[in-house]
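There are 2 protein chains.
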Amino acid sequence: MTPTPDHSFDIHPPLADRWSPRAYSHTHVLTKDDLGPCFEAARWSASSGNSQPWSFALGLRGDDTFAAILGSLAEGNAVWAQHASALVANIAQLTTAEGKSQSHAVYDLGQSVAHFSVQATVEGLVVHQMGGFDADQLGAALQLDPSHAVISVMTVGVIGDPAELPEKLREREALPRMRKPLSDVVTHGVRY
Amino acid sequence: MTPTPDHSFDIHPPLADRWSPRAYSHTHVLTKDDLGPCFEAARWSASSGNSQPWSFALGLRGDDTFAAILGSLAEGNAVWAQHASALVANIAQLTTAEGKSQSHAVYDLGQSVAHFSVQATVEGLVVHQMGGFDADQLGAALQLDPSHAVISVMTVGVIGDPAELPEKLREREALPRMRKPLSDVVTHGVRY
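Protein chains in written order, with my numbering: chain A, 213 to 404; chain B, 213 to 404.
If you're looking for bench data, these hints aren't it; they were derived computationally from the structure. No incorrect hints appear here.
You can't tell identical chains apart in this list, so a pair holds if it fits in one copy or across any two.
The calculated DSBU-like cross-link candidates involving lysine-lysine, where the alpha carbons are at most 30 Å apart (straight line), are: (1) Lys392 / Lys312; (2) Lys244 / Lys392; (3) Lys392 / Lys380; (4) Lys380 / Lys312.
Throw the hints in and build the complete structure from the sequences for me.
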């Protein structure tokens, strides 16, 4: 169950229902076709000058890419992320082929991953993004060009049984989702 | 009309239909309530450790915040963006109150703005994000704390008549939307 959030205004269900669980089904299997719509959604997000400075490494549980991403995770993430059906590394192109810095690349990657996550929600999947991983180690494992960097990684799969989580995480999984009030989100100009 | 894109996989309509026009209705008026669901969607996006390092300045056409954002725009943007119903400055909190750098803030702001844009599409609105503006000038006009920075700005409104655009932009408005193929998006691990 998604812990129910408070909403000042009704929002589109895939945006309202998106959340970042830790309890993934250990047995659910994803195929590349299952994830096609998610990457297609990521592909069509907005970017500065349509530069599309994003790319992705897709690992399915049991394959080498999954192992490489899992091996880069902080222990606190690996303990639950190992059970997800897929692990994805989210890559930004920080420098163009001509050597020009793309200062917007990380921002645009965030947009692309947000699109991925919304489409995943539509597909009945859940996504949990993580910053706790060794970006240098993973970049080396993926043999990334120095112009590229892994900015975040994410789990994809379906909800599993929270009872299978370590006790501390089990409690966290049941906490209500929280956000700052809208009055602290729109901070200048017209206010709510 | 949205120029129709090619899709390898079907995606959720608000993701497929989102695009960034320049021809805005000169007369359409937005209220804060009209934009409430968009900011609510932005509010509920994902962020590292739920830090929510985003905030927004909302200007409605004719008010001081609109004028401040418009005044910061590059001329090539101002020529069409001046007619939008709203201008929004998208702000990242780059440093915490404790002085700690938030390296993920720009990425998370990108996610939040993506959520805003998807909800706007659901509301029948169109959003066009821009990097072509003077961030220092706008930050000063908004009296931002040095821990915060405007990373992007965006127009919000409804589609207008492309015939009202300058000729060069009119042609661009009718071009089909393009993206790299999916094979250049998922570049490592399982491929498409």
